[in-house]
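Enquirer: Spelled out from the first residue to the last, the chains are:
There are 2 protein chains.
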Amino acid sequence: MKFVVIGGDAAGMSAASRAKRNKSDLEVTVLEQTADVSYSACGMPYNIADPNRAIEDLVVREAQVFREKQGIDLRTGHRVEAIDRAARVVTGHDNQGNAFELKYDKLLIATGGSPIIPDRPGFGLPGVLALKNLNDGRVMKEYIQIRAVKKAVIIGMGYIALEMAEALRARDIEVHMVKPRPILLPWMNRELASMIEEELQANGVQLHLGQDVTSIEKVDDRLKVICADMKIECQLVLVAIGVKPNSEIAEDAGLELGPKKAIAVDRAMHTSDQDVFAAGDCADAYHVVTGQKTWIPLALRANRAGWAVADNVIGKTKELPGVAGTAVFKVFYLEVARTGLTSDEASAAGFDPAEVVITGQTKAHAHPGSSIMRVQMVGDRKSGRLLGVQMVAREGAAHRINAPAVALHSQLTVEAYSQTDLAYAPPFGPVWDPTLTAANQLLKKLR
Amino acid sequence: MKFVVIGGDAAGMSAASRAKRNKSDLEVTVLEQTADVSYSACGMPYNIADPNRAIEDLVVREAQVFREKQGIDLRTGHRVEAIDRAARVVTGHDNQGNAFELKYDKLLIATGGSPIIPDRPGFGLPGVLALKNLNDGRVMKEYIQIRAVKKAVIIGMGYIALEMAEALRARDIEVHMVKPRPILLPWMNRELASMIEEELQANGVQLHLGQDVTSIEKVDDRLKVICADMKIECQLVLVAIGVKPNSEIAEDAGLELGPKKAIAVDRAMHTSDQDVFAAGDCADAYHVVTGQKTWIPLALRANRAGWAVADNVIGKTKELPGVAGTAVFKVFYLEVARTGLTSDEASAAGFDPAEVVITGQTKAHAHPGSSIMRVQMVGDRKSGRLLGVQMVAREGAAHRINAPAVALHSQLTVEAYSQTDLAYAPPFGPVWDPTLTAANQLLKKLR
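Quick mapping for you: the protein sequence lines, in order, are chains A and B. Residue numbering for the first sequence follows the numbering used here, beginning at 45 and increasing consecutively. Residue numbering for the second sequence follows the numbering used here, beginning at 45 and increasing consecutively.
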């Protein structure tokens, strides 16, 4: 049986490796358009922050290991352009311009996502960069070094933009961030978002909210970012306004799409064609809180979905419950975490949400080095269910979010969560964990 | 209605405050034998570590606040010696030697626990100290300063002993730890315990395992700790071999006792007498994994049980699900955490346990500053349920334990836990959280 995988990053390589390992007579071919496979894309900002680290540090497993040790027919520089589902053939071109076609019995589309680049003047200029694959990181790192970049503009303020702001500041680059909307992290509770805004300012990042970039111009050896009310000259522009799923070849092949045009998959990762799977940032997922489809492209889901595809390809039925939307990122010295729904998302999904924000401490009463932790919690007035949590703190938010995440998978009520036996010792938090205090407060609003 | 509380620490003051706040015409009297109420007992090791901090820093709320602002009749220096359940009267003596007696309608026994002191020669000598209440901390701190202590012996190696080893080393005191049993932390998986043993040695703590202390002698102004095979001279001995519930007056009053002679309570904290409650370190609890009674004296349970008593006293029915045995402590630069059952405890409770230990990383692939994290996980072969988790790491264990703790409350299977959507970003861990890797490995043993 021939198993063909389009895309050699997290989902694709996880699926290829596991399928081959568990069924050695399976013919597994991976077609990857770039030269790189199996690397930590999420690690790029931290690598770019350090001029002494090679970008290749991020490679988890070399291509030859997949080829020689694992017996996977891994073809880099191979871009798939079309899927003929009737003939069960994929076609494309390699980076020498040669056409190829390949038969499959089972196909996995793991084409990932791409940065959204506005169709406006100047976004294609040299020095206007985006960050998705390892080569983008390589290019950016070289550009910063060769051009001795001293000033950069980041367009967008999502988590990649924020991580990159920290990375560029670590290299002593002046950083300006611009976005058209007037508020930072609109999905976040304002009391929590204000902590992030202060942290960015304290670390020398200049925020320009409500500034839509209409064009970028080249002026001598510099770039000029032009907004309605202001212009910023710089050497480097990072475009980080968002990501979209790479679902064009799936759409062209007549496969069903889900939210945000991600490829629609069932719990076993089948697309609308039972012999074609999709996994990773190009595919949608069920949300464990709403039971509805969502598109939240994150690394753990990509790896897990890759494994599930492998199991289903070799005939072990594997269904995934879905995602809770758990995410964490670091902004300078702050940990920012969320799981589940915001109040707006909860209302949209048909819940009747109530919300609290509490300000707690990261260590026990009188313990040295304590700082504040803000926790936002959302519950449903009708069912009493816990629906979502957000957290910001200098420490202890990144892993603390996992307790409410498990509670969301278990569909616990806020009351049941408030009774959970969580860890306490003075160096790590107050007797009542801040998430328990939030639950206790939220209960008063739910009754 | 008269509500009398015996004991003014976590459980007692939580109950008194909440009951009075929610029913202002309740007559609430708290009888506390020491001079101190409402302080962070768990914070004592960290306070003792710092000669510049006053022990009074640990007081959360002053006695006069309870008296004047909250309207609680708080009587310190009042030791209750007997409960006459037929007459609904408690009797005792104050610290002036005056007898008192007090009528109650509802009574809460919140007498806490006491350090176990072996009945052997020399354990009553000056300089042989234990650590339970705030005055013990005060005495120890003064003793260290006045005697300019340079060398100490800690008898016992439980978490209080380990926290105190760190505290005394912080004050540059030579620390020897002795215990009769040949292994450190016998409840802990050996691969995890070895990390703690190395950490203690790396920080200059001298461990003497398998050494039973037969007596302590006074030699000039020093103390000599005498074991079968060795003698250690020092200036200070800390006895920290364990804690027992203060249940004597309850037993004398004919109330039922549970495990370890803790006072038996139902889910609403009633003792075997419906008008007498017990809460905190003197009372037992249901274990959410086994459904059986257990005695795990910890601060969060004490506070929570105090609140539940208050609710039940004023007529709001409140039942607590129980404890998961979640605990965390710090040993120098290590975080040590557990929740649920060990394999031995699981077998004793009728499960068919399988166990794995994995060695993971605290940060993502190639992220700077990563160190190892060991995770032990226990599951039940019959039901597939998750039964317990232990963790040791330099960072990220303290809060990470809460995710499996919530899973235990939800009675999740290992399979269901393995599918939970946990947070990932490179500074905080690998894509697959180490607890997920442990679950994935454990699943292979459960099938």
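Check each hint, because a few of them may be wrong.
[As the list claims (entries may be wrong)] Listed next, the stretches of chain A that the computed footprint assigns to chain B, with coverage defined by at least 3 CB atoms under 8 angstroms from CB atoms of chain B:
1. 140–154
2. 335–346
3. 366–372
4. 434–444
5. 460–468
Rather than coming from a laboratory, the hints here were simulated on the basis of the structure. Backbone N, C-alpha and C define an ideal beta-carbon position, used for all residues, glycine too.
Enquirer: Count residues of the segment 140–154 of chain A with a Cβ under 8 angstroms from any Cβ of chain B, then say if the count reaches three.
Expert: Violated: only 0 residues of the segment 140–154 of chain A have a Cβ under 8 angstroms from chain B.
Enquirer: At least three residues with a C-beta closer than 8 angstroms to a C-beta of chain B: is that true for the segment 434–444 of chain A?
Expert: As far as the segment 434–444 of chain A goes, the hint holds, because 4 residues have Cβ atoms under 8 angstroms from chain B.
Enquirer: Please check whether the segment 366–372 of chain A has three or more residues whose CB lies within less than 8 angstroms of a CB on chain B.
Expert: holds (count 7)
Enquirer: Cut-off 8 angstroms, C-beta pairs, minimum 3 residues; does the coverage of the segment 335–346 of chain A by chain B stand?
Expert: holds (count 4)
Enquirer: Closer than 8 angstroms, Cβ to Cβ, for at least three residues: run that test on the segment 460–468 of chain A against chain B and report holds or violated.
Expert: holds (count 8)
Checked against the numbered hints above, the structure violates only hint 1.
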